[in-house]
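Sequential numbering of the sequence shown, starting at 1, is according to our numbering.
FYI, nobody ran anything at the bench for these hints, they're computed from the structure.
Take the hints with a grain of salt, since some may be wrong.
Okay, the calculated beta carbon distance ranges per label pair [said to hold, decoys possible]:
id, residue 1, residue 2, range
1, Phe135, Gln74, 28 to 38 Å
2, Gly44, Gly16, 16 to 26 Å
3, Gly140, Asn99, 12 to 22 Å
4, Gly16, Ala53, 28 to 38 Å
5, Gly140, Asn47, 42 to 52 Å
6, Val85, Ala127, 29 to 39 Å
7, Gln74, Arg28, 15 to 25 Å
8, Phe135, Gly27, 32 to 42 Å
9, Asn70, Val40, 18 to 28 Å
10, Phe54, Arg116, 18 to 28 Å
11, Gly27, Thr78, 22 to 32 Å
12, Glu72, Gly44, 30 to 40 Å
13, Glu2, Asp41, 38 to 48 Å
Positions of the beta carbon are idealized from the N, C-alpha and C atoms, including for glycine.
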Amino acid sequence: MEMDWVWGLVGGLMIGLAGAVFLLGNGRIMGASGIIGGLVDRSGLSNWQERTAFLAALVVVPALMLPIYNVEVQTNITDNMVLVVAAGLLVGIGTRLANGCTSGHGVCGISRFSLRGMVATVFYLLAGGIAMVLFRHVLGVI
């Protein structure tokens with residue numbers, strides 16, 4: 001049996017721990033889209049240093065871990081850049097419509113027994129499954 005599932009488990013535990021530390025440290029929910037959105041729409045300029053540090057850590061920490069865990073990363077992402085850009089834009093639109101993303105609703109919302117977080121999580125999982133069936137099996141683009 002391949003042990004790839006261990007990396008998913010470790011990653012999930014790290015995201016959960018980061019959410020708990022963020023909530024305990026400043027009393028706010030660790031939702032990546034909200035953190036980025038506050039910088040983009042300028043509503044979060046009062047704590048821009050914290051937001052920028054959070055976003056920088058999302059990039060820097062994995063880069064620092066590469067020498068320690070010398071593992072080849074396979075993303076299986078498509079070479080179709082139009083599809084990648086469209087997917088990114090749709091994710092951004094979806095996070096605005098849902099008032100949050102997977103880290104906010106899925107990790108932090110469910111762990112706080114938030115009904116809104118649980119409902120949002122169910123719907124984005126369903127939407128992801130439907131999109132996968134549509135794009136892979138019906139349209140054959142991924």
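Taking the hints in turn, this is what the structure says about them:
Distance hint check for Phe135 and Gln74: the Cβ-Cβ separation is about 19 Å, which falls outside the suggested range of 28 to 38 Å. Checked against the hint of 16 to 26 Å, the C-beta distance between Gly44 and Gly16 comes to roughly 23 Å, which is consistent with it. Our hint of 12 to 22 Å for Gly140 and Asn99 is violated, since their Cβ atoms are close to 33 Å apart. The supplied range of 28 to 38 Å is broken by Gly16 and Ala53, whose beta-carbon atoms lie about 20 Å from each other.
A hinted range of 42 to 52 Å for the beta carbons of Gly140 and Asn47 is consistent with their spacing of about 45 Å. The given range of 29 to 39 Å is broken by Val85 and Ala127, whose C-beta atoms sit roughly 19 Å from each other. For Gln74 and Arg28, the hinted distance range of 15 to 25 Å is not satisfied, since their beta carbons lie about 34 Å from each other. In this structure the hint that Phe135 and Gly27 lie 32 to 42 Å apart at CB holds, the actual value being about 39 Å.
Against the hinted window of 18 to 28 Å, the Cβ-Cβ separation of Asn70 and Val40 comes to about 35 Å, which falls outside the hint. At roughly 22 Å, the beta carbons of Phe54 and Arg116 sit within the given window of 18 to 28 Å. As the Cβ distance of Gly27 to Thr78 is approximately 40 Å, the hint placing it in 22 to 32 Å is violated. Between Glu72 and Gly44 the Cβ separation comes to about 37 Å, which falls inside the hinted range of 30 to 40 Å.
For the hinted restraint 38 to 48 Å between Glu2 and Asp41, the CB-CB distance of approximately 43 Å keeps it satisfied.
Violated hints, in rising order: 1, 3, 4, 6, 7, 9, 11; the structure is consistent with all others.
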